[in-house]
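Going down the list, the protein sequences come from chains A and B.
Note that the working numbering has the first sequence beginning at 1, numbered continuously upward.
Note that the working numbering has the second sequence beginning at 1001, numbered continuously upward.
No lab work stands behind these hints: they were computed from the structure.
Since the model is a prediction, treat every value here as computed from it, not as a measurement.
Check before you lean on any hint, since a few could be wrong.
[What the hints assert, rightly or not] Listed next, the in silico DSS-like pairs over lysine-lysine satisfying Cα-Cα at most 30 Å (straight line):
hint, chain 1, residue 1, chain 2, residue 2
1, A, Lys-10, A, Lys-112
2, B, Lys-1239, A, Lys-112
3, A, Lys-93, A, Lys-76
4, A, Lys-10, B, Lys-1236
5, A, Lys-72, B, Lys-1133
6, A, Lys-264, A, Lys-251
7, A, Lys-264, A, Lys-161
8, B, Lys-1133, A, Lys-161
9, B, Lys-1239, A, Lys-251
10, A, Lys-112, B, Lys-1236
11, A, Lys-94, A, Lys-10
12, A, Lys-76, B, Lys-1133
13, A, Lys-76, A, Lys-112
14, A, Lys-226, B, Lys-1239
15, A, Lys-161, A, Lys-232
16, A, Lys-10, A, Lys-72
17, B, Lys-1133, A, Lys-232
18, A, Lys-93, A, Lys-10
19, A, Lys-264, A, Lys-226
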Amino acid sequence: MKPSTKPNPKTGSLACVGIGITLGSHLSPLARSYIEQADVVFMAVSDGIVEKWIESMNADVRSLQPLYAEGKSRIKTYREMVNAILTQVRAGKKVCAAFYGHPGVFAWAPHKSIAIARNEGFVARMEPGISAEDCLYADLGIDPGAVGCQHYEASQLLYYKRRIDPSAYLVLWQVGVVGDRSLAQTATASAFRQLLVERLAQNYPLSHKVVIYRAATLPIHAPHIKRIALGKLASAHIEAPDTLVIAPAQKLVPDTTMLRKLEKLYRAQA
Amino acid sequence: MRDLALFRNLYGDAETMRHIGRPMPSAQAAGSLRATINAARNTGGPYFFVIVEGCSERSIGLCSIRGFSARTCRVEAGLMLLRAARGQGYATEALGALIDAAFQSLPIDSVWVQYRPANVIAARLCDALGFVKSQAQHSRGTKTVQCIRTLWRPGWRKPSHQPLKGNTMSNVIGFLENAGRDAALRHASREQLLLAISRETIEPALRSALLDQDRSRIDAMLGARDTMHCMVLPVKTPKKAPPKKVPGKAPPKKAPAKKPAKKAPAKRKR
């Protein structure tokens, strides 16, 4: 008799969930349920207090923070995160990995963990969370649908030739470590930000107001919103979780050619 | 059997029953439990819940909701605890959870309770949870005067769900979680926060740190991790900067090889 080639169903599973940004305000019932029902919970969150909060939801909660270290390449840290998570999945455990904000936005380790777990035949899911981007729209009163909104990791503007549309909003993430090619620094010097200013000056006047934004992670806090001129960005105090938001500097330019073609279409239909 | 033992320990104990009625003999308690279970099968209740201590998984008391009708839009809540489980904050936690569940699952406007005027502990419990005093009334069919207290849905604010056992950490995390999910507290003024914090069992130094929004003091007092790394995204960097072009100068020509060069082995993909 030929042995069955069908693999045995694997018992381990993975759920990468977002806990949102603000303690108590953003955690979805489903994300909480995954955390509470998991055999093992891994967490990569924004605050020590938030860690304590997650620890109150499950008896086996493990912080991924010890994997970071000053001078250690973060890509190594992220690979270790993936390994730590998958080791438990492969051991047949129901694993929940809780990340601050949205687990799939500006987050490599959750996507990678899910991809590997699925490839190995495990059930793996991602559950969205309220991200810093969501908080930003609410706190700054920005509707990305109004004139459009571009999001870039700040360093990409220095490493690559990206096209910026100054008639839309521009949001730059991880601006506190802009230009850190080693991925081992927790902050880069003002000279690195000056290069960013130089790049942005190709599209914006130096007097253009920009916003340094940080969402509130504790419910007793207000968001950090500081408006400065673009030219002052290099000397500004910027921390790792800060985001740079640049409002449009130009009005939308009508595309007269397309508008004429549209007009013809309307007339033909009338 | 476990429920019967609990029932007997509660209703058979003279001290527990001193503000309720005569203690029940064992057989009567068993009959009362059967009647209770039968009554609980009705769609409209009463609903009985066993209170279980989280750390020991011991049954330590009973709580109930009864008298629901869509016409009156209110229910009566009740609670009994074993002697050994009193004075540890369990009554506040259990009754708070019961009221929360009642408001979430039933279309009611208020929850009311009754107790004898001599029951000082019940009065304190009602004060802590925000019950409003009504006029003392004669209990139906008896000459006993009962205090009637009502809690209205709009004024309901669940206290911290963590047990108040002098555990500062749990109280602070519980307070922050409640502040995060309570629309009345999330964007509260300092005065409103001060009022809310004063209802919690939190030591004065920590209260002051919370009100001052002093993150480092809060972290230090709670023993929370103070240095947190938030980045979870590596940025791909170009491997080498492109060679600098010198205008007007043609690249130097290589001298032709004497022999045709051997084909280099294919490079491994990194």
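Are the Cα positions of A:Lys-94 and A:Lys-10 separated by 30 Å at most?
-> With a Cα-Cα distance of about 11 Å, the restraint between A:Lys-94 and A:Lys-10 holds, given a limit of 30 Å.
When you check the alpha-carbon spacing of B:Lys-1133 and A:Lys-232, does it fall within 30 Å?
-> violated (60 Å)
Holds or violated: B:Lys-1239 with A:Lys-251, Cα cutoff 30 Å?
-> Violated, at about 37 Å.
Taking 30 Å as the top limit, are the C-alpha atoms of A:Lys-93 and A:Lys-10 close enough?
-> holds (10 Å)
Does B:Lys-1133 lie within 30 Å of A:Lys-76 when you go C-alpha to C-alpha?
-> violated (62 Å)
Is it true that the CA of A:Lys-10 sits at most 30 Å from the CA of A:Lys-112?
-> This hinted pair holds, its Cα atoms lying about 19 Å apart.
If you draw a straight line from the CA of A:Lys-10 to the CA of B:Lys-1236, is it 30 Å or shorter?
-> Not OK: A:Lys-10 and B:Lys-1236 at ~34 Å, beyond 30 Å, violated.
For the pair we were handed, A:Lys-226 and B:Lys-1239, check the Cα-Cα distance against 30 Å.
-> violated (35 Å)
A:Lys-264 and A:Lys-226: Cα distance at most 30 Å?
-> violated (47 Å)
30 Å Cα cutoff - pair B:Lys-1133, A:Lys-161 | violated (70 Å)
With a cut-off of 30 Å on the C-alpha distance, tell me whether A:Lys-72 and B:Lys-1133 pass.
-> violated (62 Å)
Within a Cα-Cα threshold of 30 Å, do A:Lys-10 and A:Lys-72 meet the stated pairing?
-> violated (34 Å)
Consistency note: the structure conflicts with the earlier hints numbered 4, 5, 7, 8, 9, 12, 14, 16, 17 and 19.
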